[in-house]
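Undergrad: So that you can map any letter, position 52 of the sequence shown is 849 in this note's numbering, and since no number is skipped, the others follow by simple counting.
What the hints contain is simulated information worked out from the structure, not anything from laboratory work.
Any given hint might turn out to be false.
[Claimed, not checked] FRET-style restraints, in silico, Cβ to Cβ:
1) L1103 <-> P1142: 42 to 50 Å
2) T1018 <-> D1150: 20 to 28 Å
3) L817 <-> K995: 31 to 39 Å
4) T1043 <-> L953: 46 to 54 Å
5) P992 <-> Y1135: 19 to 27 Å
6) V874 <-> Q851: 51 to 59 Å
7) Q833 <-> P1121: 18 to 26 Å
8) L1103 <-> G876: 37 to 45 Å
9) L953 <-> S1185: 53 to 61 Å
10) D979 <-> P902: 20 to 28 Å
[Stated by the list, open to error] Within a straight-line C-alpha distance of at most 25 Å, the following computed SDA-like cross-link-like pairs (lysine to any residue) qualify:
11) K1107 <-> A1061
12) K914 <-> T860
13) K837 <-> D885
14) K1114 <-> A1133
15) K837 <-> L882
16) K914 <-> L988
17) K914 <-> P815
Nothing here was measured: the structure is a model prediction, and the numbers come from that model.
Ideal Cβ positions, reconstructed from N, Cα and C, are used throughout, including at glycine.
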Amino acid sequence: MPGGVWAQQEPAPAATPPPLLSAGPEGFSLSSADKQYQLKLRGILQSDARFFAQGKERAGNNTFLLRRFQPTFEGTVAGLVDFRLQMDLAPNAQPVQDGYVELHPVREFRVRVGKFKAPVGLERLQPVTAMLFPEFALPTSLVPNREVGIQFSGDLSGSVLSYAVGAFNGSPDGGAADLNVDDNVELEGRLFAHPFRKSTVEALKGLGLGLAGTVGSEYGTLGATQEPTLRAEGQQTFFTYLTGTTLDATVVASGRHYRLSPQAYYFHGPLGVMAEYATSTQDVRRGSDEARLTHGAWQLSASYVLFGGKASYEGVKPFHSLLPSEGHWGAVELGARYSGLRVDPKAFPLYADPSRSANEAQSWGAVAHWYLSGNARLTFSVERTAFSGGAADGGDRPTEIAFFNRVQASF
798 MPGGVWAQQE PAPAATPPPL LSAGPEGFSL SSADKQYQLK LRGILQSDAR
848 FFAQGKERAG NNTFLLRRFQ PTFEGTVAGL VDFRLQMDLA PNAQPVQDGY
898 VELHPVREFR VRVGKFKAPV GLERLQPVTA MLFPEFALPT SLVPNREVGI
948 QFSGDLSGSV LSYAVGAFNG SPDGGAADLN VDDNVELEGR LFAHPFRKST
998 VEALKGLGLG LAGTVGSEYG TLGATQEPTL RAEGQQTFFT YLTGTTLDAT
1048 VVASGRHYRL SPQAYYFHGP LGVMAEYATS TQDVRRGSDE ARLTHGAWQL
1098 SASYVLFGGK ASYEGVKPFH SLLPSEGHWG AVELGARYSG LRVDPKAFPL
1148 YADPSRSANE AQSWGAVAHW YLSGNARLTF SVERTAFSGG AADGGDRPTE
1198 IAFFNRVQAS F
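Let's have the full structure, built from the sequences with the hints guiding it.
TA: This is the structure in structure tokens:
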């Protein structure tokens, strides 16, 4: 060799394993062989038929509707960063439901930035494909929907305790505001524990207990009052604050806003139980008049899988898909729910019209699900909501009886 020096050849680079392409019940995915880089395509479609038992005096229309149509893109970069973009193409829906990036160096600590579900409501945080009823119970009207901000979260002690805390733009009760309209930041947080997750008693492992809340300030304007509209499960409005063409005639948020939500669930075998309470306390103003109003709501639901699967917070996964030739009929689940909401009496008559807005709503419902597979579900439900107030001459708003039929497909 030249100069008497033996040349060393560089080792040939190792062949890069080909990427993996897969399709299954969890969607479609493209990933590197080591799973450090992934791209997933998922989707949800919920098509409803909604009918009311009342005559012409009912507030809502009998209708077929596309309730949700949500294509979702998820991915992982370098095994360290996740991202999620969920759109909703259904009519009257916000186009971007979720859009965030999450850094997760360890299970105990994650950082999420963007738009996502607020860490407050128990039913709100449940996957929409797993909801027991087609529409949320009344407590979800008093907690935020999606928020834009930053959140720190993690699972401790082998997921016995989880936490989430963050700073957000803030939004009205039940709302999902994309922009900060008043320059204030809202702090939100949640602690949730599975105290018996490591127990040797199997029946205790499915108990979960939590407490969530928010604190902040909100100041509305004539064009953005920062005040909620409360709807029954049939999606018909039963309470609104007064509005007009001037601030003297319009109620706006004007100061501190607190929320508190104790919550719990229990799932074991075919049985599922969820309970949630929520209060929202907010300073409001109309002209020169100011008040601090507190609304409260609650719900208790129970479900039982008759055959074919197990109950869980993430939804029923049938043991077998529908295949009558082999004796498989999917899974069937029955459920019931009681829900209520009380408006602060101080809201009337200065901030809300008692002849148009009810001061209380109580709802009873029953539901049946037939899971054809882990990706398809048929739902039949009925909700009866009775109101106190909300009609002329001190009368009560007519009772609402709503029937739902939903076809759901997801992957």
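Undergrad: Compare the structure with each hint and give your call.
TA: Verification of the supplied hints:
L1103 and P1142 have their C-beta atoms about 43 Å apart, which keeps the hinted 42 to 50 Å range intact. In this structure, T1018 and D1150 meet the distance hint of 20 to 28 Å, their C-beta atoms being roughly 21 Å apart. The hinted window of 31 to 39 Å between L817 and K995 holds, with their beta carbons roughly 34 Å apart. Between T1043 and L953 the beta carbon distance is about 52 Å. The supplied range of 46 to 54 Å therefore holds.
For P992 paired with Y1135, a C-beta distance near 26 Å keeps the hint of 19 to 27 Å intact. Look at V874 against Q851: about 53 Å separates their beta carbons, and that is inside 51 to 59 Å. With their beta carbons about 43 Å apart, Q833 and P1121 fall outside the hinted range of 18 to 26 Å. Under the hint 37 to 45 Å, the C-beta atoms of L1103 and G876, about 41 Å apart, fit the expected range.
Between L953 and S1185, the C-beta spacing of about 44 Å breaks the proposed range 53 to 61 Å. A hinted range of 20 to 28 Å is violated for the C-beta pair D979 and P902, which are about 34 Å apart. Taken as a hint, the K1107 and A1061 pair is honoured in the structure, with Cα atoms around 19 Å apart against an allowance of 25 Å. As the CA atoms of K914 and T860 are separated by approximately 28 Å, the hinted pair breaks the 25 Å bound.
Distance check on the hinted pair: K837 and D885 sit about 17 Å apart at the alpha-carbon level, within 25 Å; holds. Only pairs whose Cα atoms come within 25 Å are accepted, and K1114 paired with A1133 is accepted, the gap being roughly 19 Å. Restraint check: the Cα-Cα separation between K837 and L882 comes to about 11 Å, which is no more than 25 Å; the hinted pair holds. Annotation: proposed proximity of K914 to L988 holds, straight-line Cα distance about 15 Å (limit 25 Å).
A C-alpha spacing of about 36 Å is found between K914 and P815, which places the hinted pair above 25 Å, so the restraint is violated.
This entry does not satisfy hints 7, 9, 10, 12, 17, going by the numbered hints stated previously.
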